[in-house]
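Visitor: For reference, the chains in residue letters:
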Amino acid sequence: MSIENVSNKKEIIDGLRNAVVNYDEESAKRLAKEAIEKGVEPLEAIQEGLVKGITEVGEKFSAKEAFLPELVIAAEACLAGIALLKPQIKSKKQMKSLGKIVIGTVYGDIHFIGKKLVAMMLEANGFEVYDIGEDQPVEAFIKKAKEVGADIVGASALTTTTRFEQEEIVKAMRREGLKAKIMIGGAVVDAAWAEMTGSDGYADNLQDAVSLAKELAEHGQEETM
Amino acid sequence: MMTGKERVLAAFGKGSPEDIPSVLCYANLAMWRGPHFWDDFAEGKPWWIRNSWDIPKLLEVVETQQRKIDMDWIWGAGLCPSREWRKNHMVVPTARAVYMRDITPGSQVMQYRIEEPPPEGTHSVYPNVDLSGIIKTKEDVEKYVYMRNAETIIEEGRTDWLEALVKKYGEEKFILSNVGSPFSRACDFYGPMPSLKLFIRNPTLLKQLVDRMADRIIETIKVYAEMGSDGVWAWEWYTGEMISLDRYNAIGKPAVQRCIRAAQKLGLKYIYYPTGVGKDWQAGFESILEMKPDGIHLEDSKKGFNADVSWQASVLKALNLQDEITIFGNVHPINILQEGTSEELEREVKRQNNVGRNEYAGKFIMDTGSPITPETTLERVIEYMKLTRKYGRKS
Ligand code: B12
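Chains H and S supply the protein sequences, listed in that same order.
Position 93 of the first sequence, counted from 1, bears residue number 93 in the working numbering, the numbering being contiguous throughout.
In short: position in the second sequence from 1, add 225, done, that's the working numbering.
To be clear, the hints were calculated from the coordinates, so they are not data collected in a lab.
Any given hint could be a false lead.
[As the list claims (entries may be wrong)] Going by beta-carbon spacing under 7 Å, a handful of chain H positions derived as facing chain S:
1. I73
2. Q207
3. D208
[Said to hold, decoys possible] Using 20 Å as the maximum straight-line C-alpha spacing, the simulated EDC-like pairs for lysine to aspartate or glutamate come out as follows:
4. S:K363 to S:E285
5. H:K64 to S:E466
6. S:K611 to S:E288
7. H:K60 to S:D471
8. S:K528 to H:E59
9. H:K60 to S:D505
Even glycine gets a Cβ: it sits at the ideal position worked out from N, Cα and C.
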């Protein structure tokens, strides 16, 4: 049964967006359920509602109008809504994810806030994300990448000491012949370092991380076509 | 000739000092983990003397470190495990591995393996905990944020390391102890991710946690004052991009302010190290300055924010705080110290010293913006220290 009342549908979608923007997980879940009950296209509810909301909060975060607490709660609200809506997406084509990403913080490094946020944003934007946690050795990245057939591997490092692990990940991935693209990030990572490691790109904020992942996923697909 | 301690104290005082003091933040023994650093300072002593807290031997390591680097302060003059603990623990090196054996009388002998810090540097020291399921009320806060009063800490012999340092260096060097910010400490204790959520979901509980942490820190401040430290250092990381200024002001600032006053009342200098602070967080910087810590140290610009010493001096002067707050140099440990050419290094040291002396009347202490990286060679650190001395001289 599809929704007749356009204004009602719009209200639900706007409500989903607002729930995320207002850091309100309960409303996000309630409205997601309502969307399902009232037959709003789940993909549309996700993309036009929840993802628009989190994108807005992400932009506010970059502009220093929102901060980590807001971003974390908004991302959780968004993901809670997505978790309810996603299983309802019927058409095969629509269900296709943008790609599989394995992400983690490198060995010796326990900073995980940035990595976690990047992971949440990627997931909210349609990637299938496997967050392997922090303080993870090179082998853990490789193992997971092989296991899930990752399109992208993301490695976060926040200190100058641990960023060398990013280079090791790149080397190991190449050595193992893995095709996945590698993106890196973290407080001490810049363009020069990204190039030095031989990775496929870096990002130092959330929006750039999402755009980079989209770009890498596209390239990856072109190459394998 | 002034001692290092006199140089640092002069920089905290009024009037232009003879020489700009030169120090290295985070230059404690635990930091020097790269093989070159430890081997250079320890001169053959095994790495596990840090685990067994062999105070006489550790003092020798500090002595070599100071002889080679010659900083004006002693960083890391903190608490050590209690005398009881040290008596009941012994390191057992075997051909295969090194073990720590707990021989506490009356209890079963316990033994566990201890690892040499990896040559590439530090490894996890902060587990990411989540206490959200455990700490839910003010009573829980009081139960789990354990308070040890100053007398007990001293009685337990947890100040033996500090005492040894004060005895050896108290006349010559500025003795600096690390206390941490009650705000960041509380969040780290509760768990970084869960505490971020508390800001929105239960700010009252968060504030209770922060206040309790401040009480605990104030007890250690009393210990440090009693045992002869000259100052305390507090790293704050809930600043800059991390949380909003309103939240900082409401939840963090009152507790930090309390610690600052407690230290000052006892004659200790309080140095505040808020990370991620630059020109685009100027309102936050100004709010921090209102608390009037004795010293403010801003980290080098990590993500392109402007934390230049010249900008810092101008903000402080505009607020008419130039006689009250000392600023620190923030030479970039990666771009300049580790990777810059000798010319770049010299230019930057000279520039920052000039700012300190000429734009800020010498209430300035030369330092790097964040810890020295293990990839930086000792020769390079020595070259840097020599430059700071050369350009720090008054003439
Ligand atoms: C919070 C923090 C901590 C917390 C960590 C809490 C946690 N579990 O995550 C605690 C206190 C535990 C901590 C510990 C330490 N820290 Co710390 N920490 C910080 C701080 C203040 C903020 C980091 C943060 O979370 N920022 C917020 C997030 C959102 O930003 P972000 O991580 O940079 O992520 C963004 C981007 O970088 C990017 N990104 C991140 N990851 C990825 C991954 C990919 C794939 C992509 C595409 C993008 C991307 O997107 C994110 C969103 O915008 C920084 C200072 C700073 N200004 O960054 C120091 C800092 C990183 N820490 C530092 C140090 C030295 C340490 C310690 C070694 C201290 C010590 N002496 O013990 C230990 C490390 C222990 C270890 N083995 O890892 C130094 C590193 C210095 C250096 N040159 O190497 C810094 C720079 C502070 C300083 N000035 O000294 N730290």
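Visitor: Next step is simple, just say for each hint if it's right about the structure.
Guide: Comparing the hints with the structure gives:
no.	hint	result
1	I73	5 Å, holds
2	Q207	14 Å, violated
3	D208	12 Å, violated
4	S:K363 to S:E285	45 Å, violated
5	H:K64 to S:E466	7 Å, holds
6	S:K611 to S:E288	18 Å, holds
7	H:K60 to S:D471	16 Å, holds
8	S:K528 to H:E59	17 Å, holds
9	H:K60 to S:D505	15 Å, holds
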